[in-house]
Amino acid sequence: MHLLVFIKQVPDASQVRVNYNTGTLIREGVPAIINPFDKHAIEEAVRIKEKFSGTVSVITMGPPMAESSLKEALSMGVDNAYLLSDRVFAGSDTLATSYALWAGAKKIIEEKGDVDIFLSGKQAIDGDTAQTGPGIATRFDIPLVTYAIAIKDIDLKKRTIEIVRLIESGAETIETTFPCFITVEEEINKIRYAPLPYLIRAARATIKILNTKNTKIDSSKCGLKNSPTKVKKAFTPQKRERGEMINKGSMQDTLNFLYENIESTLKDMGKI
Amino acid sequence: MKRKDFDVIIVGAGPSGLAAGFVLAKAGVNTIIIERGKFPGSKNVMGGIFYTKAMDDLIPEFYKEAPVERHIIEQNLWFMDDVSHLGVSFKSQKYNSEPFNSFSVFRAKFDRWFAKKVEQMGALIINETVVTQPIVEGGKVVGVKTDRPDGDLYADVVIGADGVNSFLAKQLGLRNKIKPNIVALAVKEVIGLDKEKINDRFQLRSDKEGAAYEMTGPFLDGMEGMAWLYTNSSSISIGVGVVIQDLIEHKTNPNDLLEKIKAHPSVAPLIEGGQTKEYLAHMIPEGGYYATPKLFTDGFLTTGDAIMFVNNVNREGSNLAIESGKLAAKTYLEAKQTGDFSSKSLSRYQDKIRKSFACKDLSMYKNMPKLLEEKRYFLTKYPQFFIDFVYDWFSVDGVSKPDKIKKAKKEFGDKFGYVNFAKDLYAIWRYMIR
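Keeping their order, the protein sequence lines are chains A and B. In this text, residue positions in the first sequence follow the working numbering: the first is 1, and each later residue adds one. In this text, residue positions in the second sequence follow the working numbering: the first is 1, and each later residue adds one.
Chain A on its own, in the form it takes in the complex (with noise of 0.2 Å):
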């Protein structure tokens, strides 16, 4: 079985913080990590080879230093890593990323064989989009699964899968046949922690580079002038002001205040 994870290297939403007086990001000494949502789908990869065999290959699209999220998803136990980096790819859309992904995945079925799973995380965390991993299966036309939280069941001889899904009144379980995208949510699994062998072979491997000299990829379709996606403004949402503690020493005290006192004050702020 062979599984393509594709992942994106995101600044770590957590510790990034807004300049409220340019209303801009400060991205200054925000370490770089993989999109979490893309991190349980190659954890979930891994577990499928673990139980049924085969090999995951994973892809990002990104500057030279995403090398160092390709080399933690190998230290998860992936098994190839392939960097699609050119310049030519600077400042795409979603359309034009997924168009990029397609091809760079083209080529790692040239050389690795053909995918039956494909996976990524239900959106990065940077744009909250959703909409490159679908790219991607629209491309591909192969079947596509959002939202996954659990692989129920694979028949390796059927070639089916189950999946179930977060649907909004609560969750559906799918049967598809491969190839397929699935695109996870968290929940899907536990990050491990991977064993000493996966991270001494991650030291040991190295990541092949793909670009448009040894890669089909045509540049008209990339970056940012080919991206149909235009911004047009940007804004900063208003910085909340910390809500008053209440703390009148017991449990009961407390709950008495806010008895006696929340009409009054819903009425000051205008919302009675």
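In case anyone wonders, no lab produced these hints; they're calculated from the structure. By construction, the Cβ of each residue, glycine as well, lies at the ideal position given by its N, Cα and C atoms. Worth double-checking, as some hints may not be accurate.
Listed next, the in silico DSS-like pairs over lysine-lysine satisfying Cα-Cα at most 27 Å (straight line) [unchecked claim]:
no.: 1; chain 1: B; residue 1: Lys38; chain 2: A; residue 2: Lys71
no.: 2; chain 1: A; residue 1: Lys190; chain 2: B; residue 2: Lys38
no.: 3; chain 1: B; residue 1: Lys145; chain 2: A; residue 2: Lys190
Label-pair distances were calculated between CB atoms; the ranges are [stated by the list, open to error]:
no.: 4; chain 1: A; residue 1: Glu111; chain 2: B; residue 2: Lys4; range: 28 to 38 Å
no.: 5; chain 1: A; residue 1: Val30; chain 2: B; residue 2: Lys208; range: 26 to 36 Å
no.: 6; chain 1: B; residue 1: Ala281; chain 2: A; residue 2: Ile149; range: 35 to 45 Å
no.: 7; chain 1: A; residue 1: Lys239; chain 2: B; residue 2: Gly28; range: 56 to 66 Å
no.: 8; chain 1: B; residue 1: Gly28; chain 2: A; residue 2: Thr206; range: 17 to 27 Å
no.: 9; chain 1: A; residue 1: Thr236; chain 2: B; residue 2: Gly28; range: 51 to 61 Å
no.: 10; chain 1: A; residue 1: Ile191; chain 2: B; residue 2: Glu278; range: 21 to 31 Å
no.: 11; chain 1: A; residue 1: Arg204; chain 2: B; residue 2: Asp340; range: 24 to 34 Å
no.: 12; chain 1: B; residue 1: Glu272; chain 2: A; residue 2: Pro228; range: 50 to 60 Å
no.: 13; chain 1: A; residue 1: Val30; chain 2: B; residue 2: Asp150; range: 25 to 35 Å
no.: 14; chain 1: A; residue 1: Ser14; chain 2: B; residue 2: Asn255; range: 19 to 29 Å
Chain B: place on chain A using the hints.
Okay, now just chain B, sitting in the frame of chain A:
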């Protein structure tokens, strides 16, 4: 057959572990370095001055490529009470030429860079993995256990470069539990400040020149410690380290002490307007020569802070760590020729350490800790007397200078006694200079 995954396992990617890894990998030895931090350097802290020599021998002209801040051209030693400082200052253009004597650096950045070099030499570095204990078979160290699944590793020799707490050396019985009177707790802040402001305030002619200040004296309330202030490219490192025993006895914590130093009238203007960017803390070995544990056993060598290889009088530590790492690596290479990694064979390491400049320096100061423990007033009463005297001397208050000297002589005699003073001078001479 005996299992062997690597020739050498190095525990800890600090300066000594990395230096050992560099030398070994360069010689083609199959080496793995295991680091508990997120990346090499992420757990490492030092005051901020790095002496170049040991590193320059390893990687010539490393400073052209490595993330260094400023080379130090001015050194100050201040004795401070709460409102004054009496200082010695030395600044020389001689320090402005390559290979430079010392740099201000950030360990986190620098060690990460150094680690890359070590990897390029062919050593493997594994991060976020904790070595939990040595594997001992037949009385010999043959590997280590880690906290990872399938985490055992076997090798000819394990080098414990695992820092001041060195659990490995402790587990192997090479050292005792460290006592609170031989380690200092140091805290440090990095305060961001514009380059131009730093250049102006510290009278530096470019962003590359730096100044260093060491501060001790009565303001530490009789505790044995040292504060410091170093200039980085666009920030100031300010910190203080105090022997833990003293912190306990004075029921004080170093954070409060650091705030006190930052507010000192001689220090505050130097950092004014800066913004704290980072806060760090670490333990520093202060035991010196006598605190050095046993350095080796069968299949095991230990280096750096783990052997308390720190010269706190001259604030040298990371360069000594590098030196010890190199010597450990050389010892392995010699032992490898005969394939004998027994205690006897590895004892060459001890000879090498003994012959090193670092050990000679430590030996010179070997009685310092004891001296300062017995005669703590070296840091309090004496400096205070001289601070007061200098204040008096420069004050024009109607008292004649001869009278001031007469008064000072009498006070000195009353306070210390000339015989005692002579004894103290003799003690310093006997303990330190000899």
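Hint check:
| no. | hint | in the structure |
| --- | --- | --- |
| 1 | Lys38/B to Lys71/A | holds (13 Å) |
| 2 | Lys190/A to Lys38/B | holds (20 Å) |
| 3 | Lys145/B to Lys190/A | holds (24 Å) |
| 4 | Glu111/A to Lys4/B: 28 to 38 Å | holds (34 Å) |
| 5 | Val30/A to Lys208/B: 26 to 36 Å | holds (27 Å) |
| 6 | Ala281/B to Ile149/A: 35 to 45 Å | holds (42 Å) |
| 7 | Lys239/A to Gly28/B: 56 to 66 Å | holds (58 Å) |
| 8 | Gly28/B to Thr206/A: 17 to 27 Å | holds (20 Å) |
| 9 | Thr236/A to Gly28/B: 51 to 61 Å | holds (56 Å) |
| 10 | Ile191/A to Glu278/B: 21 to 31 Å | holds (28 Å) |
| 11 | Arg204/A to Asp340/B: 24 to 34 Å | holds (29 Å) |
| 12 | Glu272/B to Pro228/A: 50 to 60 Å | holds (51 Å) |
| 13 | Val30/A to Asp150/B: 25 to 35 Å | holds (34 Å) |
| 14 | Ser14/A to Asn255/B: 19 to 29 Å | holds (25 Å) |
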